[in-house]
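**Student:** Residues per chain are reported as follows:
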Amino acid sequence: MTTQVSAKTSPNSLRNLLHILIGDWDRTQLSISFLLVALMAISPLFISSPYYMGIIILACLYAVIGISWNIVAGFTGQLLIAHIIFLAFGGYTTIVLLNTFRIMPWVGIPLGGVVAALAGWVIALITLRYGLKMDYFALFTIALLVALRTLFLKWDFVGGAVGMYLRLAEPSVPKMIFATKPPYLYIAISLLVFGILVQYQVYRSKMGKYLIAIREDEAAAAALGVNTSKYKTIAVMIGAALAGMSGGFYVMYVTFIDPTGVFNLGVNVEIIMAGPIIGGLGSLLGPILGALVNKPIAELVRGSLAESRSGISLIVYGLFLITSIMVMPKGLAGLCHSLYLRLYRPNKNIE
Amino acid sequence: MALLEVQNITKRFGGLVAVHEFNLTMDQGQIVALIGPNGAGKTTAFNVIAGYYKADGGKVLLNSREITNLRPDQICGLGLARTFQVVRPFAGISVLDNVMVGAYAHTSDVKIARAKAEEVLELLGLQRMTNQLAKGLPIAIRKRLEIARAVATDPQIMLLDEAMAGLRPMEADEVIGMVRKLSDKGIAILLVEHVMKVVMSLADRIIVLHHGEMIAEGEPADVVKNLQVIEAYLGEANNVTS
Numbered sequence: 001m002t003t004q005v006s007a008k009t010s011p012n013s014l015r016n017l018l019h020i021l022i023g024d025w026d027r028t029q030l031s032i033s034f035l036l037v038a039l040m041a042i043s044p045l046f047i048s049s050p051y052y053m054g055i056i057i058l059a060c061l062y063a064v065i066g067i068s069w070n071i072v073a074g075f076t077g078q079l080l081i082a083h084i085i086f087l088a089f090g091g092y093t094t095i096v097l098l099n100t101f102r103i104m105p106w107v108g109i110p111l112g113g114v115v116a117a118l119a120g121w122v123i124a125l126i127t128l129r130y131g132l133k134m135d136y137f138a139l140f141t142i143a144l145l146v147a148l149r150t151l152f153l154k155w156d157f158v159g160g161a162v163g164m165y166l167r168l169a170e171p172s173v174p175k176m177i178f179a180t181k182p183p184y185l186y187i188a189i190s191l192l193v194f195g196i197l198v199q200y201q202v203y204r205s206k207m208g209k210y211l212i213a214i215r216e217d218e219a220a221a222a223a224l225g226v227n228t229s230k231y232k233t234i235a236v237m238i239g240a241a242l243a244g245m246s247g248g249f250y251v252m253y254v255t256f257i258d259p260t261g262v263f264n265l266g267v268n269v270e271i272i273m274a275g276p277i278i279g280g281l282g283s284l285l286g287p288i289l290g291a292l293v294n295k296p297i298a299e300l301v302r303g304s305l306a307e308s309r310s311g312i313s314l315i316v317y318g319l320f321l322i323t324s325i326m327v328m329p330k331g332l333a334g335l336c337h338s339l340y341l342r343l344y345r346p347n348k349n350i351e
Numbered sequence: 352m353a354l355l356e357v358q359n360i361t362k363r364f365g366g367l368v369a370v371h372e373f374n375l376t377m378d379q380g381q382i383v384a385l386i387g388p389n390g391a392g393k394t395t396a397f398n399v400i401a402g403y404y405k406a407d408g409g410k411v412l413l414n415s416r417e418i419t420n421l422r423p424d425q426i427c428g429l430g431l432a433r434t435f436q437v438v439r440p441f442a443g444i445s446v447l448d449n450v451m452v453g454a455y456a457h458t459s460d461v462k463i464a465r466a467k468a469e470e471v472l473e474l475l476g477l478q479r480m481t482n483q484l485a486k487g488l489p490i491a492i493r494k495r496l497e498i499a500r501a502v503a504t505d506p507q508i509m510l511l512d513e514a515m516a517g518l519r520p521m522e523a524d525e526v527i528g529m530v531r532k533l534s535d536k537g538i539a540i541l542l543v544e545h546v547m548k549v550v551m552s553l554a555d556r557i558i559v560l561h562h563g564e565m566i567a568e569g570e571p572a573d574v575v576k577n578l579q580v581i582e583a584y585l586g587e588a589n590n591v592t593s
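In the order they appear, the protein sequences are chains A and B.
Under the working numbering, the residue at position 212 of the first sequence is numbered 212, and the numbers go up by one with no gaps.
Under the working numbering, the residue at position 32 of the second sequence is numbered 383, and the numbers go up by one with no gaps.
Fair warning: there could be bad hints in the mix.
Said to hold, decoys possible - In silico contact screen, one side only, chain B against chain A (beta carbon under 7 Å); selected entries:
hint : residue
1    : L421
2    : D424
3    : R433
4    : R439
5    : F441
6    : M451
7    : G476
8    : T504
Stated by the list, open to error - Heads up, simulated DMTMM-like pairs for lysine to aspartate or glutamate below, C-alpha to C-alpha not over 20 Å straight-line:
hint : chain 1 : residue 1 : chain 2 : residue 2
9    : B       : K486      : A       : D156
10   : B       : K486      : A       : E270
11   : B       : K410      : B       : E372
12   : A       : K206      : A       : E216
13   : B       : K462      : A       : E218
14   : A       : K206      : B       : E469
15   : B       : K410      : B       : D505
16   : A       : K206      : B       : E417
17   : A       : K206      : B       : D460
18   : A       : K330      : A       : D156
19   : A       : K230      : B       : D460
20   : B       : K532      : B       : D505
21   : B       : K405      : A       : E218
22   : A       : K206      : A       : E218
23   : B       : K486      : B       : D505
What the hints assert, rightly or not - Beta-carbon label-pair distances, calculated as ranges:
hint : chain 1 : residue 1 : chain 2 : residue 2 : range
24   : A       : V269      : B       : Q425      : 37 to 43 Å
25   : B       : K410      : A       : V269      : 50 to 56 Å
26   : B       : A442      : A       : I325      : 16 to 22 Å
27   : A       : D26       : B       : Q425      : 28 to 34 Å
28   : A       : S31       : B       : N414      : 18 to 24 Å
29   : B       : N414      : A       : P11       : 55 to 61 Å
30   : B       : I490      : A       : V327      : 31 to 37 Å
Calculated from the structure, these hints are not laboratory results.
In this text, a Cβ means the ideal position worked out from N, Cα and C, and glycines have one as well.
Take these sequences, add in the hints, and give me the full structure.
**Tutor:** Pasting the structure below:
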């Protein structure tokens, strides 16, 4: 290292700033995440088309949903395939509270998160009690999704097969109904910032290390004092809470929810699994990069191929997913990491 | 008062009695070796003591507190750490992170855990590997990492399951040195080991298992002279390790 003349000279403070922003890969991922958030936040300045604005809002929301799944599947390695269940719980909670009990969505969305977290707790309790792991755990969640769809189709209190619709009224802030897109964007961005911070905090703490240890080798983790049941449960609950809040916002934004649309494995793949997998499962940046690439491409494919034979767009989208997994097994975040190591090898003295 | 007391533990798999009324007492800083032919029940006894198998009978006491059938993580928290015969590093994360998982056993503070992990890495001569991924490490280093993780949990007693198997003689000597260091720090060590050179040079006491039964116990020099033991085990093992 060069000799340090004074701690206050500008090259040094620049170096300190650089160290805070990109001193290690985790911080760099956080910085890039917030850079992307900032770009989304100023996007209304350049984009006026409500259609494109809508894509950005959903991409932002899918990033939060991706983060919620990443904590469970990426960090902890739990194959919670039918994660969309939690989105549904949050969405239904929010809209039932609003329509039936006149509770405003600003309260309803967090409560949706709480209900989803409780659902996550019950699911964790059952699967742990009966020792369901890996593929059995995955199958259990899929079976649960099918069972819940049937239940909600028959349950009149939540609208049965028709689902529930927002009673559209005049735009009003308390009811979270707006005439233009930007307010929705800023709510989605707030959720994303919350999600990014939660994910980072989990990842860098004791809990994050424990979750990753469970993913890598559960028996070895237990030997080192990790209460694997407890930490798996907490991971599922955090993921469920984030997904539930996203579900609450999703309902307010699209203005309705119905069982076949939300208890749906195809939708589950597109909005929950595709993003983090393309972006890089288990990384901090993956869910965000993934959502920002996945959502526009899904829209583009759907838009440009909508005129041709039905189903073609799904085939093309499927091919895109398969190719990206084969070409980038570690996702976009993996590519970024290699690039980071090549451009900026952190000096050991700095670390 | 003994640190670890194992009283008459029995473990059956279906009709097979893998371990039958096994007894063991260990004090602070002692090194005890558990030997016996393949299938004698050594690893099974380990797994019962460390909470991986439920005992079908008997008791395990740590500092006079019963730990029989507690979960592995609870037993670890009470001061008993184990390693695995086939090493199980957390492959996708760095050596430091591997050891930090162990170091978090008694703290939630990132800085304290990190300092503890670095201290342990230095103790076991792994400080140059700190930032490497566990995935690509050679077997000798992975075996050491396995021990390091367990040491980081601050155990009073460690169960080392064939920590030296598959190592070259020089590498094994290094591990022997580390085990001595740990024992000097007051950690009691229970070894399962096939390499007789290791057993003879380290152990204060040897216990011989055969078909799940304890057939001999005593000072290394006495045990190797025991006819029953030679018949069951050492006759063959001497050829293998010479």
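**Student:** Does each hint fit the structure? Answer for all of them.
**Tutor:** Checked hints:
1. L421: The hint is violated - B:L421 has no Cβ within 7 Å of chain A, the shortest such distance being about 11 Å.
2. D424: This hint holds: B:D424 lies near chain A, its Cβ roughly 5 Å from the closest one there, short of 7 Å.
3. R433: Holds: closest Cβ of chain A sits about 5 Å from B:R433, inside 7 Å.
4. R439: With a closest approach of 4 Å, the B:R439 hint holds.
5. F441: Since chain A brings a Cβ to about 4 Å from B:F441, closer than 7 Å, the hint holds.
6. M451: holds (6 Å)
7. G476: violated (18 Å)
8. T504: holds (6 Å)
9. B:K486 <-> A:D156: Answer violated: B:K486 to A:D156 is near 54 Å, above 20 Å.
10. B:K486 <-> A:E270: With Cα atoms ~32 Å apart, B:K486 and A:E270 exceed 20 Å; violated.
11. B:K410 <-> B:E372: holds (10 Å)
12. A:K206 <-> A:E216: holds (15 Å)
13. B:K462 <-> A:E218: At roughly 24 Å apart (the allowed maximum being 20 Å), A:E218 and B:K462 break the hint.
14. A:K206 <-> B:E469: Measuring from Cα to Cα gives roughly 16 Å; hence the hint holds.
15. B:K410 <-> B:D505: violated (23 Å)
16. A:K206 <-> B:E417: Given that 20 Å is the threshold and the Cα spacing comes to 28 Å, the pair is violated.
17. A:K206 <-> B:D460: holds (7 Å)
18. A:K330 <-> A:D156: violated (44 Å)
19. A:K230 <-> B:D460: holds (19 Å)
20. B:K532 <-> B:D505: The hint holds at about 14 Å.
21. B:K405 <-> A:E218: Cα-Cα ~18 Å, so holds.
22. A:K206 <-> A:E218: Answer holds: A:K206 to A:E218 is near 16 Å, not above 20 Å.
23. B:K486 <-> B:D505: Given pair B:K486, B:D505 is violated - Cα atoms ~25 Å apart, limit 20 Å.
24. A:V269 <-> B:Q425: 37 to 43 Å: holds (39 Å)
25. B:K410 <-> A:V269: 50 to 56 Å: Because 51 Å falls inside the window, the suggested range holds.
26. B:A442 <-> A:I325: 16 to 22 Å: Since the Cβ atoms of B:A442 and A:I325 sit about 20 Å apart, the hinted range of 16 to 22 Å holds.
27. A:D26 <-> B:Q425: 28 to 34 Å: holds (31 Å)
28. A:S31 <-> B:N414: 18 to 24 Å: 48 Å Cβ-Cβ, so the 18 to 24 Å window is violated.
29. B:N414 <-> A:P11: 55 to 61 Å: holds (57 Å)
30. B:I490 <-> A:V327: 31 to 37 Å: holds (33 Å)
Hints 1, 7, 9, 10, 13, 15, 16, 18, 23, 28 from the earlier list are contradicted by this structure; the remaining hints agree with it.
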